[in-house]
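Take a look at the letters that make up each chain.
Number of protein chains: 2
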Amino acid sequence: MGDSVKPFLKVLAGEKTERPPIWLMRQAGRYLPEYRAIRSQANGFLDLCYTPKWAAEVTLQPIRRYGFDAAILFSDILVVPDALGQEVTFVEGEGPRLDPVTCSADVSSLSTTWVRQRLEPVFETIQLIKSDLSDDVALIGFSGAPWTVATYMVEGRGSRDFAAIKGWAYRDPEGFGSLIDILVEGTADYLCAQVEAGVDALQIFDTWAGVLPEPAFQAFVTDPTRRIVEKVRAQHPDIPIIGFPRGAGPAYPDYLKQTGVTALGLDTAVPIGWAADTLQTLAPVQGNLDPIHLLAAGDGLKAEVDRIVSGFANGPHIFNLGHGIIKETDPETVADLVSWVRYP
Amino acid sequence: MGDSVKPFLKVLAGEKTERPPIWLMRQAGRYLPEYRAIRSQANGFLDLCYTPKWAAEVTLQPIRRYGFDAAILFSDILVVPDALGQEVTFVEGEGPRLDPVTCSADVSSLSTTWVRQRLEPVFETIQLIKSDLSDDVALIGFSGAPWTVATYMVEGRGSRDFAAIKGWAYRDPEGFGSLIDILVEGTADYLCAQVEAGVDALQIFDTWAGVLPEPAFQAFVTDPTRRIVEKVRAQHPDIPIIGFPRGAGPAYPDYLKQTGVTALGLDTAVPIGWAADTLQTLAPVQGNLDPIHLLAAGDGLKAEVDRIVSGFANGPHIFNLGHGIIKETDPETVADLVSWVRYP
Chain C
1250 MGDSVKPFLK VLAGEKTERP PIWLMRQAGR YLPEYRAIRS QANGFLDLCY TPKWAAEVTL
1310 QPIRRYGFDA AILFSDILVV PDALGQEVTF VEGEGPRLDP VTCSADVSSL STTWVRQRLE
1370 PVFETIQLIK SDLSDDVALI GFSGAPWTVA TYMVEGRGSR DFAAIKGWAY RDPEGFGSLI
1430 DILVEGTADY LCAQVEAGVD ALQIFDTWAG VLPEPAFQAF VTDPTRRIVE KVRAQHPDIP
1490 IIGFPRGAGP AYPDYLKQTG VTALGLDTAV PIGWAADTLQ TLAPVQGNLD PIHLLAAGDG
1550 LKAEVDRIVS GFANGPHIFN LGHGIIKETD PETVADLVSW VRYP
Chain P
1250 MGDSVKPFLK VLAGEKTERP PIWLMRQAGR YLPEYRAIRS QANGFLDLCY TPKWAAEVTL
1310 QPIRRYGFDA AILFSDILVV PDALGQEVTF VEGEGPRLDP VTCSADVSSL STTWVRQRLE
1370 PVFETIQLIK SDLSDDVALI GFSGAPWTVA TYMVEGRGSR DFAAIKGWAY RDPEGFGSLI
1430 DILVEGTADY LCAQVEAGVD ALQIFDTWAG VLPEPAFQAF VTDPTRRIVE KVRAQHPDIP
1490 IIGFPRGAGP AYPDYLKQTG VTALGLDTAV PIGWAADTLQ TLAPVQGNLD PIHLLAAGDG
1550 LKAEVDRIVS GFANGPHIFN LGHGIIKETD PETVADLVSW VRYP
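From first to last, the protein sequence lines are chains C and P.
For the first sequence, my numbering gives the first residue as 1250, with consecutive numbering after it.
For the second sequence, my numbering gives the first residue as 1250, with consecutive numbering after it.
These aren't lab readings, by the way, just hints derived from the structure by calculation.
Honestly, I wouldn't trust all of these hints.
For chains that are exact copies, the list does not tell them apart, and a pair is met inside one copy or across any two.
Listed next, the in silico SDA-like pairs over lysine to any residue satisfying Cα-Cα at most 20 Å (straight line) [to be verified]: (1) Lys1259 with Val1444; (2) Lys1551 with Asp1421; (3) Lys1480 with Cys1352; (4) Lys1551 with Pro1464; (5) Lys1480 with Ala1546; (6) Lys1551 with Arg1420; (7) Lys1302 with Gln1366.
Work out the full structure: start from the sequences and follow the hints.
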């Protein structure tokens, strides 16, 4: 299958490599002038995501520039609500806007029926990328986790206190559960279709996992992710899946054991000694440089790279950020980072 | 000293009580109509903080209404930068605005010299509250921790990604360290003066502790807090100090051991079983109901109260929220909460 020549997949299979493979969350993005050139041709952000030649091109740009060990499909976690029938728009410079889903009746207007059909451009994008990617570079597909996608579906936009979604989830766990159920179905189907189109691994982003108390974390983060992993594995038993429950803190170990993900993405705040002892002994880990270090550059960045690489040197580790790259990052600093990670 | 009749202080001394004492972060605030009535008389938020009769009155309002086991001085963490010489204003409905401190030269325009003099109204407020508080209710003084106060001083307002402060701290840890140093000095002095005015315990709020990678957490959260605890204890060896490094997750145990705080405030995301095993065996814990549960009310709230009370029943526990109370909370729900915590 050629997998053995991809260092990223070796590590996901549990191998420890001499130096960690590297990719960066949001590596295809606004910090790159070549991305901005393509972006300016598109009629809005979703048009970029849904136009295979553009989406494939921006996916490949950081691979050409830096030689990362993995490409990640250029898309957005909100294509799933879009495919379920909830209109999604992106306001320039402000972020996503959705007409909020706030009750069971709203949920019943959503449907998983057209997920594969509506997201056909994504699968086409994957095929285009694959045809252009060299043998040693892996392609990662992804989705948001149900909880995180639901925050945007219910709040209608980014939130700080999550009062609307938590209010609904706490008052009416069954009604809210029906939204989670439809997201589990739709997301699992979407991820399966990505595998069928050719991705080598999957990542499930749960950006807002860290805002929930224990029972809600179990019900809305761990359980739905476990159900997605089971559904995907039923179709594709060997596909590696990286779970990224950002901010889960002390709940990371149970999340790992209960969801059955292959590997864990670690956020910036996770202490390395603790993670090496508690998590990396059980599964490969990925992370966790603060993206602001990449912005700050210089000696501080170099010291952090050394600390992270050596802290995770005793087990399988993929170098990454703890959160997405920031658009003000200097592309030259990213080149420094890659060389510091690769060559001691 | 009458301390033995205050259940809140008994727990801070390590006693396990039949039912946990209770107070709520931001219990004096906008959810109470009697607070809004006083607030409307003040010429801005800081005027309210700096007018002893008003600040004392709003501190006492939730004690009268609910009979909480502790009152917390009504004030704001940003009175410290104000006293250090950085102008602080509050924009109605938007939050604080400060002219940002961004380099060593800016730091040198700040001074700890006038902290006690400028914050005299706070100490007067404490005396007024004490004269009105019954023997079984404790009075808590507080400050922000240096890192959290510095986020507002450097960003000039609330932030989402902390790019300005982290950028400075990562590029120039020494220059940024001089700001932390002045905050350690000024905060320790301020807290000592609160003790001298009569508070029974202190809480150090580190709201943004959870956004830092390990070395920065050590340098800007743990170390400065330890230094403040040492300085306060040098003057007042017996004062109980609650540390609240919100979002510290797996770093909570080291924070506890290294800072020497008496007790730990736990945020909403901290799993109770983990905290009971890892933290409560070493120190009293306080927390950690999600404030949105108080907004959602009903059976979900009752179940969470039972879970938290029983989960921490084997050691010293003070019932509280995991974050401040939300202004839309129904005052009647708070009354329900208090009775559910007190009577099984």
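The hints, checked one at a time:
For the identical chains of this complex, Lys1259 and Val1444 are intra-copy neighbours only, at 18 Å inside a copy versus 59 Å across copies, given an alpha-carbon limit of 20 Å. In this assembly of identical chains, Lys1551 and Asp1421 lie within 20 Å of each other by CA distance solely across copies; the values are 14 Å between and 49 Å within a copy. Proximity of Lys1480 and Cys1352 under a CA criterion of 20 Å is satisfied in neither setting, with 26 Å inside one chain copy and 53 Å between copies. Proximity of Lys1551 to Pro1464 under the C-alpha cut-off of 20 Å is restricted to the inter-copy arrangement: shortest distance 13 Å between copies versus 40 Å within a copy.
When the C-alpha separation of Lys1480 and Ala1546 is checked against a cutoff of 20 Å, the pair qualifies neither within a copy, at 42 Å, nor between copies, at 35 Å. Taking the shortest alpha-carbon separations for Lys1551 and Arg1420, only the inter-copy value of 11 Å comes in at or below 20 Å, while the best intra-copy value is 48 Å. With identical chains, the CA atoms of Lys1302 and Gln1366 are at most 20 Å apart within one copy only, with a shortest distance of 18 Å there and 66 Å across copies.
The earlier numbered hints that this structure contradicts are 3 and 5.
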